[in-house]
Amino acid sequence: MNFLEDGFNNIIGLIITYGLRIALLVIAFLVVAPIGKKVISSSLAKASKRESVSEARINTLEKLVLNVFSYTLIFIFVVMFFGIIGLPLGPLLAGAGVLGLAIGFGAQGLVSDVVTGFFLLLERQIEIGEYVTTAGYNGIVEEVGLRTTKIRSFDGTLNFIPNRDLTGVSNHSRGTMRALVDIGISYDDNIDHAMAVLQKVCDEFKEDERFTEGPDVLGVQGFGSSDVVLRLLGRTENMLQWSAERDIRKRIKEMFDQEGIEIPYPHQVNVTKQTN
Amino acid sequence: MNFLEDGFNNIIGLIITYGLRIALLVIAFLVVAPIGKKVISSSLAKASKRESVSEARINTLEKLVLNVFSYTLIFIFVVMFFGIIGLPLGPLLAGAGVLGLAIGFGAQGLVSDVVTGFFLLLERQIEIGEYVTTAGYNGIVEEVGLRTTKIRSFDGTLNFIPNRDLTGVSNHSRGTMRALVDIGISYDDNIDHAMAVLQKVCDEFKEDERFTEGPDVLGVQGFGSSDVVLRLLGRTENMLQWSAERDIRKRIKEMFDQEGIEIPYPHQVNVTKQTN
Amino acid sequence: MNFLEDGFNNIIGLIITYGLRIALLVIAFLVVAPIGKKVISSSLAKASKRESVSEARINTLEKLVLNVFSYTLIFIFVVMFFGIIGLPLGPLLAGAGVLGLAIGFGAQGLVSDVVTGFFLLLERQIEIGEYVTTAGYNGIVEEVGLRTTKIRSFDGTLNFIPNRDLTGVSNHSRGTMRALVDIGISYDDNIDHAMAVLQKVCDEFKEDERFTEGPDVLGVQGFGSSDVVLRLLGRTENMLQWSAERDIRKRIKEMFDQEGIEIPYPHQVNVTKQTN
Amino acid sequence: MNFLEDGFNNIIGLIITYGLRIALLVIAFLVVAPIGKKVISSSLAKASKRESVSEARINTLEKLVLNVFSYTLIFIFVVMFFGIIGLPLGPLLAGAGVLGLAIGFGAQGLVSDVVTGFFLLLERQIEIGEYVTTAGYNGIVEEVGLRTTKIRSFDGTLNFIPNRDLTGVSNHSRGTMRALVDIGISYDDNIDHAMAVLQKVCDEFKEDERFTEGPDVLGVQGFGSSDVVLRLLGRTENMLQWSAERDIRKRIKEMFDQEGIEIPYPHQVNVTKQTN
Amino acid sequence: MNFLEDGFNNIIGLIITYGLRIALLVIAFLVVAPIGKKVISSSLAKASKRESVSEARINTLEKLVLNVFSYTLIFIFVVMFFGIIGLPLGPLLAGAGVLGLAIGFGAQGLVSDVVTGFFLLLERQIEIGEYVTTAGYNGIVEEVGLRTTKIRSFDGTLNFIPNRDLTGVSNHSRGTMRALVDIGISYDDNIDHAMAVLQKVCDEFKEDERFTEGPDVLGVQGFGSSDVVLRLLGRTENMLQWSAERDIRKRIKEMFDQEGIEIPYPHQVNVTKQTN
Amino acid sequence: MNFLEDGFNNIIGLIITYGLRIALLVIAFLVVAPIGKKVISSSLAKASKRESVSEARINTLEKLVLNVFSYTLIFIFVVMFFGIIGLPLGPLLAGAGVLGLAIGFGAQGLVSDVVTGFFLLLERQIEIGEYVTTAGYNGIVEEVGLRTTKIRSFDGTLNFIPNRDLTGVSNHSRGTMRALVDIGISYDDNIDHAMAVLQKVCDEFKEDERFTEGPDVLGVQGFGSSDVVLRLLGRTENMLQWSAERDIRKRIKEMFDQEGIEIPYPHQVNVTKQTN
Amino acid sequence: MNFLEDGFNNIIGLIITYGLRIALLVIAFLVVAPIGKKVISSSLAKASKRESVSEARINTLEKLVLNVFSYTLIFIFVVMFFGIIGLPLGPLLAGAGVLGLAIGFGAQGLVSDVVTGFFLLLERQIEIGEYVTTAGYNGIVEEVGLRTTKIRSFDGTLNFIPNRDLTGVSNHSRGTMRALVDIGISYDDNIDHAMAVLQKVCDEFKEDERFTEGPDVLGVQGFGSSDVVLRLLGRTENMLQWSAERDIRKRIKEMFDQEGIEIPYPHQVNVTKQTN
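For the protein sequence lines, the chains are A, B, C, D, E, F and G, in the order given.
The first sequence begins at 1 in the UniProt record's numbering and counts up one residue at a time.
The second sequence begins at 1 in the UniProt record's numbering and counts up one residue at a time.
The third sequence begins at 1 in the UniProt record's numbering and counts up one residue at a time.
The fourth sequence begins at 1 in the UniProt record's numbering and counts up one residue at a time.
The fifth sequence begins at 1 in the UniProt record's numbering and counts up one residue at a time.
The sixth sequence begins at 1 in the UniProt record's numbering and counts up one residue at a time.
The seventh sequence begins at 1 in the UniProt record's numbering and counts up one residue at a time.
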């Protein structure tokens, strides 16, 4: 019966040792949890001030981060508790290694989505309603989620794009846009005359409120196979560049018709050789 | 015979220690299992409310998730039980490492399929009967499974696509679609006249119930090598954009014939040089 | 000689402890093996009912899975047995890590093949005799193995494709197929007349039993550089779409010749300019 | 001197314990080695019967596999022996981890080569003298090794290809090949007449012993920009398709010349417009 | 009660042992922390001297590195403290392995961003206001962050590019640029004459202050299908190459018109053959 | 002072135990080292006989392998020695894990280079002076190293290629090469006549010692848009195929001029339509 | 107080044991450090002699390698010291695993850069001032660093390329270069005459000191659609190939004009067909 008593003693001893450790563990968590939450809140607050993020965005982010923090703490507590009690969670988890490897690889995309999504929001790379090109898609942003972003193409298609693919975002809604028109004139026309006419068109548009930087003639952009290419350049309000370009093109055509300047068709010199 | 007795005592001691642990283990599982199930059910219910998912979808998802949860619990129980008994499952699993590595890598695609499939369903990216473009395939969705999605191309082909490839889904069945017609007129024609005729065609189609946003003339889209390109734009009910475009094209041709506006063939200026 | 006796006692103690463990191990396996086999058989049977798989396929799958199961059990038993006996199989396997890493990476393709092959069979993505496009190959399936699939191209080539490459299978033998003919008419021809003639051709083919959904004229598909493109569309029995298209094309040519409608050559407007 | 004696006793105790273990190890290997060899031989023999592999191939494979098996056994024996003796081979190998990682990654290609090479041989995907296309190379197989395969291109180049690149093998020497000739006739020619002439050419070749399935006219394959394309199709003995096609082409040209059917040059309609 | 006393002794013994270790740990950190900070500061200072980095940059870098250093020290201290106390942080972290694998893979992009960003700053590869081409983007650098770089395209688009994609940076703002004009003359013109005229144009521009290395005629660059291509080459101040090229092109056209040298249209020799 | 004595005894006991182990270790290495060297030498010798490698190559390889073997042995000895002494080299190396991971990944390319380089030498895939195409480079091999291979392009460029990129080597210096000339004749010419003339040219070259397999006319290779393409084929001594082809082309042109057979220019049928 | 005394004894015992180990450790390092340094210096010296590297390069390399060696030794010493003292650095580092994984993956590029950079320097693949093509960049090398290489493009752009991308370096500054001119003559011209004229041009340039291997006519390179292509080939001093080619081209044009040999424009045979 000695071993029974020993076993009993042993168990009590274990309980004392374990009790001490569990107490330490609980205390550690009671200390860490509120501190962690405070740190998160205040650092987000600071970040928001520095980056001048809107109130709504901050609230969303804070809720999100605190959520993640709580789940992580609970997970850690459970694992450590089991570790102290001596239930072999270690080998269990190691045992899950084979499965875990597969899951880890399979789920890395998910983590990558969330990490990228977090920075998309924090760095304000895209916002709802902006016109962006990214990951081969092109259109107006409809929603930026933690995992997927929805972009509405101009043909009406709704594109769901996992955030991990959003490396390299071209945001077309952040500033004035370029209006650029290339126009070819005949090799027989006088360049100075054509440039004067084009500048007259440009001057007409200088008053147009769509333009923030009046269009101007740049000069001879290149020698085409059948035409001398001249270039006009201006800057317009965002999203108005296309209509501005369309109106400039129409006006150039009218002025060229009036001034007798030709927009040439492709030319070919035919050398005739008679045979048969 | 002393060692025999010792061995006996030893074994009883082991049984007591182990018994205690096993009891704890069983209790832990009896507690965790129902809680886990409840958490899953209620969180899915909440998610469904927030995202307004249909009843059927929720049931499917719930059954699926509870299934996965049960299998995981059983797996964990078995591993922990063996761990407590002292059967070296740890080294066994470590021993399976070489094989496991190969399996883990080989099976990651499977996990990736399931993870993506789960989000396809949850985020309602595609639903049966929708017209989508994804992973280079294009057609009507016939089935969305956890591992594969079936898309029927318009030529009748049935495509089986592993969900992991469905990153970036273009869903063409979520809203009104764009109807766009580009039409070239001769450099000799009057642009204002042509635009007036085109607008008349547009006005005829404004009453057409296929259009949600009546077609309109945008202006001079560009200077082609032989024609001035004008653009018409409208928005139609989903999937009716093609027939709308076809009818507009037919009507434009008829009006242009009537008004004597030319849709020009490619032009070339021939400069003749006599030799030989 | 004291240590000799001690060693002896020690060994007997070991034998008893080990014997107990080995007994437990053997019992565990005697319990697990038949249960596992039953579970496999019945779950496959259920799966087969749900998916209405043919008897032959089920037998093949069952034999395959049971085989894999047996080998795995034996492997596990051996590893655990060595583990109990105390032969350091753990370090051995860890020691095999360097080699194992190389093997694991090298063999992952093999595992990937088998996993994909399993699902190819289970999900009935392709069956022998079907016409499929996958992994850049195109032809009739000759054999679907666990590791490789054989596809016979139409030019007679036999392609061996590892299953891992079969992500995304386009199966052309699952349903009616589309017959589509695009035909260009001259800009000078009357569109209504041409469409009436084409519809007459379509009506002739409506009785053709190859067609499941009679061909019909869709309308003006586009403005080519020299022709107005009209489109005909129908659906045919599987694999008969090509011969149907060929016959429609021949009939259109005959009708157009008869009605004096021109299928135009490329046009070019020549503007002549005399020099030199 | 007490510790000396203790040390001595200790050593003898170790020797006994170790001796027992080493004995067990040796016995285990004496049992495993011949069994393993038998299993390999018989399973290869079975496999050869099922797949009807030639005797020579089986011998090659058997020698190869037994070799690998022996080296693996020796490696395992050494590691386990060191493990029993207590020489820390475990940490050594763990210590080799950094290096091992590099080696493992660097050598995985080698393993991949051997695994693929093994299946190339076992599944008879390619054999010496066959005409194959794989990994972007195209030619006659000169040698299939475990690590590299040699393919002789038709221009005389000898290509060394690591087996890992041989995923997806197109073997052109496994069955009859397709002979296909597309021929364009003028839009002005009568299709029925042309098809009758082509069928006559086909009938001439039906007796040709190169053809296993006489060539036949399929019909109107498409409308080219300047010609109506007709298609002929047949099947020939392996590797004779090119000469067959060449002879058909020559015969068609002769018959067309005789019957006055034109193989048209590209056509263009010139609309002349006088200016300047 | 013996075990109670033992347990008590045991605990005190533990406290002494642990106290000693903790003391050592604290001392180690009190020593390492200031040394580390000093090393960082001084090595950055040295680096700045050698690379002649601006004061501001150094301060930014120092603050950044010290921050990272502090967080790392705290993390290490916490982990070691728990390790000494005996709370099983090891298994916990191992337990986090599955999750960690996913996170590790998912977050590697983030680390890669920071590492690359650090070197972008340190090596001064790009600075705000420079014109660069990198990762397929092209424009003026607006901001270089640790994680993302912002580049403003010339059309006004703002591009957010994760630093990991900035491998290979082409910086167009570091030195004089090339002005290159290719000009085709007729096969009938005299090459020497044309080159003399071109050199005269070049000489005119030699005084132009945009040019740092006066433009010169190189010679006959190639034989085009219709023209002999001559090349002019010079070097200009940064960002002035385009306007310089435009002005040279305009001047060449004027001089060629004056000297009667032709910039030829594409030529074609027409061999006429009468048929039908 | 008891603990001092105990400590002393303890140390001596350790020395004896360790001494024994170290002795075993040293003996093991004294046995393994010469055996390993012999095995390497003899197996290389055998390999050289079987593959008939030159003496020089064998010596190079032997020195190389023995070198690697010695370094490995020393590395193993040091690690095991530290392991026996009890210095925690294991954790050290584990501690180097983070760094090691980075290094392992970074250095895998190096290992991959050496492994591939070894097989390049052993399998004689390329030798100095041979004309090869590999990894997108094309030229004469100047040096085959363990890490890099140097290939001299025909334009004089010296290419340094890491061996890991040399997967798939096309060696153009291993056997006779193909000389192939395609020649187009007019649709109006008689095919039989042209083939007879070409065969006459071929016969002239049959005596040419550059040809190992006299050139012959194959037949009608295809119908071009303006010509009937005929093909000539022969085999020449290595590296003489280009000059052979050049001479055949020149001779064909001369014979065709003599026989009045036309090599046709591109043809186009012009259908003239008068308008405006 | 018994446990206090025991604890004290225990500690002194620990100190002795630890002292012994630390002493051994210190001695080991005092032995290893100078030996390592000597080995590095002498092996570099030997390598330099064998490869005839310049003194400066050797000094740079030596300083670099000694630096790396010192840091590594210090790192190892610290880790081992902590290991002996019993501070759980092992778990700490294991604990850093999750982070480490991310860092390891993120930093592997850095390691890869350094490894490649080291070999770039050692193998003298590129040197400052050489003209190279690598990683898609093309220009003059300005700096070869351990992490990045700077290449100045000919248009003035400065390219920063991480060394890891420098796999496969084409060095254009190592030897004489090829000058190659292809020139097309009319099908109507006499080939022998044209080749004689070209050879005369070549002979003129044979005296040119830019040429190391006088240019020569190779023969008929091919039949173009409108011209017979002849090829000239020579070898020139490095970097002088372009000016040599330009001068040859100019001279050929002059000689051809003089001899009446035509460089033909593209030809087309027009078959006229009257309709409408």
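Note that these hints are calculated values from the structure, not bench results.
There may be inaccurate statements among the hints.
As the list claims (entries may be wrong) - Covered by chain G, per the in silico footprint, the following chain F stretches (three or more residues, Cβ under 8 Å):
| # | region |
| --- | --- |
| 1 | 27-33 |
| 2 | 159-167 |
| 3 | 191-205 |
Claimed, not checked - Listed next, the in silico DSS-like pairs over lysine-lysine satisfying Cα-Cα at most 30 Å (straight line):
| # | chain 1 | residue 1 | chain 2 | residue 2 |
| --- | --- | --- | --- | --- |
| 4 | B | 253 | C | 253 |
| 5 | C | 253 | C | 200 |
| 6 | C | 273 | F | 250 |
| 7 | F | 250 | G | 37 |
| 8 | D | 253 | D | 200 |
| 9 | C | 250 | D | 250 |
| 10 | A | 37 | B | 38 |
| 11 | F | 37 | A | 273 |
| 12 | B | 253 | C | 37 |
| 13 | E | 37 | A | 250 |
| 14 | E | 37 | G | 37 |
| 15 | C | 273 | B | 37 |
| 16 | C | 37 | D | 253 |
| 17 | C | 253 | B | 37 |
| 18 | C | 46 | B | 273 |
| 19 | B | 250 | F | 250 |
| 20 | G | 200 | G | 250 |
As the list claims (entries may be wrong) - From chain D, some residues computed to sit far from chain F (all C-beta separations above 10 Å):
| # | residue |
| --- | --- |
| 21 | 38 |
| 22 | 205 |
| 23 | 223 |
| 24 | 269 |
These numbers come from a predicted model, not from an experiment.
Beta carbons: idealized from backbone N, C-alpha and C, even for Gly.
* Asked: Checking against the hints above, which ones are violated?
  -> Numbers 1, 3, 6, 7, 11, 12, 13, 15, 16, 17, 18, 19, 24 - these are the hints that the structure violates, sorted from lowest upward.
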